[in-house]
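Taken in order, these protein sequences are the chains called E and X.
Per our numbering, the very first residue in the first sequence carries number 1; after that it's consecutive.
Per our numbering, the very first residue in the second sequence carries number 1; after that it's consecutive.
The hints are simulated quantities; they were obtained by calculation from the structure and are not laboratory data.
Mixed in with the good hints, there may be bad ones.
[Claimed, not checked] Derived pair list, reagent style DSS-like, types lysine-lysine, alpha-carbon separation capped at 30 Å: (1) X:136 to X:112; (2) X:233 to X:249; (3) X:65 to E:28; (4) E:28 to X:298; (5) X:408 to X:249; (6) X:249 to E:28.
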Amino acid sequence: MSASTSPEMMTYQPRFMYVDPGFYEIVKGDVAAWNNPGPMIAQPAASIVEQFLFLENRLVDSGRFEDWLELFTEDCLYWVPTVTAGVDPTTQLCTAFDDRRRLEDRIMRLRTGAAYSQIPASRTCRTISNLEIWRSETAGEIRARCAVVIHEWRVGEMRVIPGWYGYVLRHSAGPLAELSKPGDLRVVRKQVDLVQADVPLRNMTFVI
Amino acid sequence: MTQLSVIRDHGSPESTHPDEELRRLVRGDSVHRTLYTDPSVFEKEMVRVFGGTWTYVAHESQIPKPDDFFTTQLGVRPVIVTRDSRGQVHVLLNRCTHRGSTVCREPSGSAKRFQCPYHAWTFANDGRLESVPWPKGYGSNFSYDAFGLGSVPRVESYRQFIFATFNMELPPLAEHLGPATEYLDAWLDRYPTGNVIVRSSAQKMMYRGNWKLSYDNAADGYHPAFSHRSLLKVAARYGDDRDMQYFAKRPDDGPLYVKYLGNGHTVVDQRPGMREGYWKWIRPFPGMEAFEAVLRKKYGDAEAERFLDMGPGAGLNLNIFPNLLIIGNHLQIIEPVGVDTTALSWYGTTIEGVPEEINTLRMRMQEDFPAFGEPDDLANFEEAQRGMLIPEMEWIDFSRGVGTGCEKTDHLGVVTGPVTHEHHIRGYFQEWSRLMTGATTGWSEDRGNADER
Numbered sequence: 001m002s003a004s005t006s007p008e009m010m011t012y013q014p015r016f017m018y019v020d021p022g023f024y025e026i027v028k029g030d031v032a033a034w035n036n037p038g039p040m041i042a043q044p045a046a047s048i049v050e051q052f053l054f055l056e057n058r059l060v061d062s063g064r065f066e067d068w069l070e071l072f073t074e075d076c077l078y079w080v081p082t083v084t085a086g087v088d089p090t091t092q093l094c095t096a097f098d099d100r101r102r103l104e105d106r107i108m109r110l111r112t113g114a115a116y117s118q119i120p121a122s123r124t125c126r127t128i129s130n131l132e133i134w135r136s137e138t139a140g141e142i143r144a145r146c147a148v149v150i151h152e153w154r155v156g157e158m159r160v161i162p163g164w165y166g167y168v169l170r171h172s173a174g175p176l177a178e179l180s181k182p183g184d185l186r187v188v189r190k191q192v193d194l195v196q197a198d199v200p201l202r203n204m205t206f207v208i
Numbered sequence: 001m002t003q004l005s006v007i008r009d010h011g012s013p014e015s016t017h018p019d020e021e022l023r024r025l026v027r028g029d030s031v032h033r034t035l036y037t038d039p040s041v042f043e044k045e046m047v048r049v050f051g052g053t054w055t056y057v058a059h060e061s062q063i064p065k066p067d068d069f070f071t072t073q074l075g076v077r078p079v080i081v082t083r084d085s086r087g088q089v090h091v092l093l094n095r096c097t098h099r100g101s102t103v104c105r106e107p108s109g110s111a112k113r114f115q116c117p118y119h120a121w122t123f124a125n126d127g128r129l130e131s132v133p134w135p136k137g138y139g140s141n142f143s144y145d146a147f148g149l150g151s152v153p154r155v156e157s158y159r160q161f162i163f164a165t166f167n168m169e170l171p172p173l174a175e176h177l178g179p180a181t182e183y184l185d186a187w188l189d190r191y192p193t194g195n196v197i198v199r200s201s202a203q204k205m206m207y208r209g210n211w212k213l214s215y216d217n218a219a220d221g222y223h224p225a226f227s228h229r230s231l232l233k234v235a236a237r238y239g240d241d242r243d244m245q246y247f248a249k250r251p252d253d254g255p256l257y258v259k260y261l262g263n264g265h266t267v268v269d270q271r272p273g274m275r276e277g278y279w280k281w282i283r284p285f286p287g288m289e290a291f292e293a294v295l296r297k298k299y300g301d302a303e304a305e306r307f308l309d310m311g312p313g314a315g316l317n318l319n320i321f322p323n324l325l326i327i328g329n330h331l332q333i334i335e336p337v338g339v340d341t342t343a344l345s346w347y348g349t350t351i352e353g354v355p356e357e358i359n360t361l362r363m364r365m366q367e368d369f370p371a372f373g374e375p376d377d378l379a380n381f382e383e384a385q386r387g388m389l390i391p392e393m394e395w396i397d398f399s400r401g402v403g404t405g406c407e408k409t410d411h412l413g414v415v416t417g418p419v420t421h422e423h424h425i426r427g428y429f430q431e432w433s434r435l436m437t438g439a440t441t442g443w444s445e446d447r448g449n450a451d452e453r
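Between the sequences and the hints, there should be enough to build the whole structure, so can you do that?
Here you go:
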């Protein structure tokens, strides 16, 4: 990833310079990686990763979006494609392809008191299962993939939204074997592949 | 070719509203709630409006090569838009002439023929029936010609936008679009090849509300300051001079305007409110700074800035009645499902003759409004649909501007007024009434409201 910061660039916010052509190459690599898991990582690290994912999902279900955002790195991606095969964000629109700044915008919008699509707010309950965890090809990062079912209640209707999550997680505290608590992990990229990615969806403005 | 009876359905006996009554549902300054809630009105619209007037079906870039096809709906009719081996475009009714099953179930692709999965009747991609299994069973008088796929009799393109209609009395497409072509031309002429390409998957949304809630809203310059307050509050994070913020600053005192373009078409022109240089005033989005740096390095400042200005939307909301909404860089297509259920497909557009980086930027820019703006509208549409179910409250108001004397009508009949006014929405309801009943209500903006009350 490049990080050139000319004086002119400084009029923007340079920490968001990471979504460059190289970043898209990394993201395209994810698409292939989700279908080719490596050897599963062992306990106790696997259990700590699982606890981290439970925490991440609980914070969203509780509407604690600011706390949830704290779990993400400064160079993060929150991604919801609109196709189920042949994913390529350089040529396709996505339901979300949020860098850190747009993800902050998304949360900020929900807090404006004027986001009518979430007044009243969706009540959600997500169940994750079929968890697979393996080392990423990038040092200090691991991949986790799991199935998810989101139940969402809003304005008199219950919806069931199935799919799977792909997480790239970064562990900051040295080697994987030394991972000791969920707080040692951060989300670098979260990809949400919905079963109904390519069909008309109702209001998706809660965090998916 | 199969004889079609659809267009003869005008005034079918099962409908609740006779034509005379339908005409009374549209007044000069308001329309009756049953336009949005009555299934019998919806059924008539699906014949008399969708397919009853020139109706958008697809963009030619979705079927670029001979034998390409794209499936969609014309109203609620499943159709296959095909380009045959000779390059001719057809809009075929996706219904086997045998038992009525759809013959094509793929969203798009390439095929010389379509074989019905039920009994294997096989049709060429121009609609001709090619074969049926064991034909002896139909006797010697069986006519293949009589069993071709139904096809929409009139199909025309304007600058690669394909429209179709069953209505043989309408003028040619370009004439029907009339003054709307000036805006469509302006939208396309920004680009090196004068065309857009539709190659991306669409962002698809569904709401529990009538399709006209979208068409009303697409022309509504009154709502952004309020319905889009959440988007505008987020935009304020980046200053007070970004795209769309002019809607919240006494917009009627500014240079923005709306027009009724005739035949149901409307436009909201935001361009006079935008500062020079599209790129400079766009709200920040993913990759903006990094890609700008890459382009400046590769092409130099002047060339890079020329390319970058082709990224953002053109500041036009051009609404081609009844279902094609050009908004920013999107083609937003209204897809009616039922009287109270509507799908919206937002097709992203890419352009040719620019570096690929520009098209990647366009994808990210086009994700902004559907995520931060449209959902609040859809929530308001759904709540409007709920409110309209109250039988004692009959009328939906579109009177803004009536009696102000602000609207100006030109020699073509194009009516221009301040951006929050609703003369153009009243105009499209006159077109709706004409299509649904064969006559308008006699309302005229020039005469004002006096003789209607």
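Against the structure, the hints:
As the CA atoms of residue 136 of chain X and residue 112 of chain X are separated by approximately 25 Å, the hinted pair is consistent with the 30 Å bound. A C-alpha spacing of about 13 Å is found between residue 233 of chain X and residue 249 of chain X, which places the hinted pair at or below 30 Å, so the restraint holds. Taken as a hint, the residue 65 of chain X and residue 28 of chain E pair is honoured in the structure, with Cα atoms around 28 Å apart against an allowance of 30 Å. Distance hint between residue 28 of chain E and residue 298 of chain X is fulfilled; the C-alpha atoms sit about 23 Å from each other, no more than 30 Å.
Restraint check: the Cα-Cα separation between residue 408 of chain X and residue 249 of chain X comes to about 23 Å, which is no more than 30 Å; the hinted pair holds. Distance hint between residue 249 of chain X and residue 28 of chain E is unfulfilled; the C-alpha atoms sit about 43 Å from each other, more than 30 Å.
Hint 6 from the earlier list is the only one contradicted by this structure; the remaining hints agree with it.
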